[in-house]
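Since chain A is already given, all that's left is putting chain B on it; use the hints.
If you read the protein sequences in the order shown, they are chains A and B. Residue numbers for the first sequence, in this note's numbering: 1 to 517. Residue numbers for the second sequence, in this note's numbering: 1 to 256.
The set of hints was computed from the structure by calculation and includes no laboratory data. One thing to keep in mind: the hints can contain errors.
Keeping only pairs whose Cα atoms sit at most 27 Å apart, straight-line, the calculated DSSO-like set for lysine-lysine is [claimed, not checked]:
#1 A:107 - A:493
#2 A:386 - B:209
#3 A:298 - A:242
#4 B:209 - A:498
#5 A:493 - B:73
#6 A:242 - A:386
#7 B:209 - A:382
#8 A:386 - A:298
#9 A:493 - B:148
#10 B:148 - A:386
#11 B:73 - A:496
#12 B:208 - B:148
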Amino acid sequence: MAILERIGFYFQTVLHLASDPVHIAILFGSVILGIMFGAMPGLTSTLGVALLTAMTYGMDTATAMICLLAIYVGGTYGGSYASILINIPGTAASAATALDGYPLAQKGEGGRAIGLTTTASAIGTIISMLFLVSISPLISFFALQFTSFEFFLLAFFGILISGTLTSPDLVIKGWIAGFLGLFLACVGRDMLQFYPRFTFGVPELDSGVEVVPVLIGAFGIPQIISVLKDRFQIGETQKFQKILPEFGTIVRNIPRIIRSALIGVGIGSVPGIGEDIAAWVSYGAAKNTSKHPERFGKGEITAVLSTEVANNACVGGAMIPLLNLGIPGSPPAAMLLGALMLHGVTPGPMITFEHPNFIIEVAAILLLASMAMWVVGMLLAKQVVKVLRIPTQIFMPIIGVLCIIGSYALGMNIFNLYLMLPVGIISYFLIEMGYPIAPLVIGVILGPMADENLRRALMVSQGSFLPVFTRPVALLLFLVIVWTVLSQFPLFKNLKDKLLAMILPRRFRKSNIMPDE
Amino acid sequence: MLKQENLRKADVYSGAAIFLFGLWVVLQALKMPMKDSWGGVQNVWYVSPAIFPLFVGCMIMLLGGLLCRTALKTIGIKAFVETARWLSSKALLQFLNSIPNLRFYAIAVLLLSFVYLNIPRIDFFLSAVLFLTVFITSFYLDDAELLKKLFFFYLAGVIVLIIYFSLGVNEPLGRIVPFPADFLALCFIIAYCLYAWRLIRNNAELRKKYRTAMIVAIASPLIVGMIFKYFLLVPMPAEGLVVTVMDYFWYLEFLE
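Okay, chain A solo, but in the shape it has when bound (with noise of 0.2 Å):
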């Protein structure tokens, strides 16, 4: 009976934001202008959340929520026309999907690449929304069982995980990030005794370092930076026939488009993880399940599909630890956290009693952001490309000047310029040496929340640290933090292969997933 009342709810909000008028252009403007973001190489769906946020600073909860939802879902999916279109990935999600879009594109077959990517989208964006109608009351019922140790390893964890799978060279780079993060989240008055930590005696560092500002700083600035220093330049545009939304390969591929889902869904929820590494997984199990492996790179459309449903099924995903945990599950969802505590919603376990038909909003505003984004995609494709005629140097600046009046509106502050400048520019040289930042973002946000918990945890067990090893869910939150560090040491993956070849028949170790250059 619950289920049948959240169902009906479901469908009560769908048709009350969709009757709204200002909410619908609202919804199609942010899906375009994310579109835009994500079609455009150098912008990604982070920064143009990022951007929008200060814009949606004097909007109800409702109407912001659809404005950067909206944004996160076209971003995505608009990565895949420039990946299609000029083999240059508008954003890291659509990266796998350049190896087999634009060898489609130079065949004559662009539009029918766009037309499949656009359905797929949609279709992964909708599973990821069922999943987080359906797992969240779950998620939310254990998380309500926490205790402080809990959530202190919960947030270690995230951060660990998110600096291993996201580094792109030494993973030690990616755990450093973590933890300047985690420095950054400690500047300021702390939260049990009020003692100024590194504040040097700045009054407006002692409410500690704002989100918004870090992030925009840490995503932005190093953009605008690497593309005008290397003179980053976007190619000719292949060109594309009339779009069609495909509906009959995508009826064939129905085992395909589920896997995918599956696949997003998980690593969306992985905090810290994003739409990047969704896609190239599934293109990997989409090409080791394959009967014509060969045909991947050259043009293979089940691989278009497989990367565009995963990436867009990570939207959802990533909502999922977002909402039940307040942990981020992809770079976007991290500025998405940042927006919802604007907005006075405070993500976590308690979201279900604080703002118990939040979650289902969320997945109405999702579905409405998937059927614009599919309109928009089958409608407006030829008119949104246009955009790829921008020259960069003409864009970037503009972004520039927006990332500041968006750091200064947040706060009408001029401190988080000050702020926001120095962490772009230490960001920018971070990159350069191959340090990833979404750790490092993740850090700030999930600062507060493990030192808070640490310190509380200790103050209820009277500073011992035996609740870890008693607490069956602390422990295996600890098994698994040791395990994630362990399994990076030489010594400790030699060992694993071998246990493996002793348990494991030799046709389940093929452990490959990344497809070959």
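Coordinates of chain B only, in the frame set by chain A:
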């Protein structure tokens, strides 16, 4: 991102710097109350505000040290010595003077001057127009020589602005002429545009790019600024000459 071999060389230095940073965090954390009284409350170590920064600082130290060690192990002491030698040779100067680095300096100076010098003191629209005019013309014209000339011209203007503000003449001048800093910025924009025009006037293709740059540089701050100021009701960081004129028309002050 750097190439693999250069990355390992850079890791030696970045690892060492991170180690030192971690050490500094630990030393700062040790100054925080551990068992002493703070605000009339006797502390115990496990609720001390130092506990989390200590943990973070130790981890940063450990990871920085590990990174430095891993990098040294990969490239060897010999390569490290070579890098140290390169850092003290003329090759470093050549590297620092390269065109990509000049581009980086131009972007950094533009952003730093916009945020720390212009935004708090000059009308937002004027500082944004100045920022965009210089930024777009410097990069969109896509010529290293032009970039150099335009960058140094802008740098000279920034120095003039720094001297003007540090001398403290803005306030006394403000009593005689309204918005003196804004008028100075306006003169700077006009001078920059004339200088850029003089440099490109003989090239038809560059003239076209120049026109586009000017339109974008003037229209974008107006659109963005108007959205924030009049629709989102966000007051601009500094409201001067242009905002006053815009307010005059927006609020129909001329009808009063």
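Pair hint outcome, residue 242 of chain A versus residue 386 of chain A [Cα-Cα no greater than 27 Å]: holds (16 Å)
Tell me if the straight-line CA distance from residue 208 of chain B to residue 148 of chain B falls inside 27 Å. holds (20 Å)
With a cut-off of 27 Å on the C-alpha distance, tell me whether residue 386 of chain A and residue 209 of chain B pass. Since the Cα atoms of residue 386 of chain A and residue 209 of chain B sit roughly 19 Å apart, the hinted pair holds (cutoff 27 Å).
Given the hint that residue 493 of chain A pairs with residue 73 of chain B, does the C-alpha gap stay at or below 27 Å? holds (19 Å)
Below or equal to 27 Å on CA atoms is what counts here, so check residue 493 of chain A against residue 148 of chain B. violated (52 Å)
Hint consistency between residue 148 of chain B and residue 386 of chain A [alpha-carbon to alpha-carbon, up to 27 Å]: Not satisfied, since the Cα-Cα distance of roughly 32 Å exceeds 27 Å.
Sort out whether residue 496 of chain A lies within 27 Å of residue 73 of chain B, counting only the CA atoms. holds (24 Å)
Take the C-alpha atoms of residue 107 of chain A and residue 493 of chain A, compute the straight-line distance between them, and say whether it is at most 27 Å. Distance of about 44 Å is beyond 27 Å: violated.
Straight-line alpha-carbon gap residue 209 of chain B to residue 498 of chain A, limit 27 Å: The given pair, whose Cα atoms are some 63 Å apart, is violated under the 27 Å limit.
Is the Cα-Cα distance between residue 209 of chain B and residue 382 of chain A 27 Å or less? Judged against 27 Å, a Cα distance of about 25 Å means the pair holds.
Holds or violated: residue 298 of chain A to residue 242 of chain A, with C-alpha atoms at most 27 Å apart: holds (22 Å)
Is the straight-line distance between the alpha-carbon of residue 386 of chain A and that of residue 298 of chain A 27 Å or less? At roughly 26 Å apart (the allowed maximum being 27 Å), residue 298 of chain A and residue 386 of chain A satisfy the hint.
Against the hints set out earlier in the document, violations occur for numbers 1, 4, 9 and 10.
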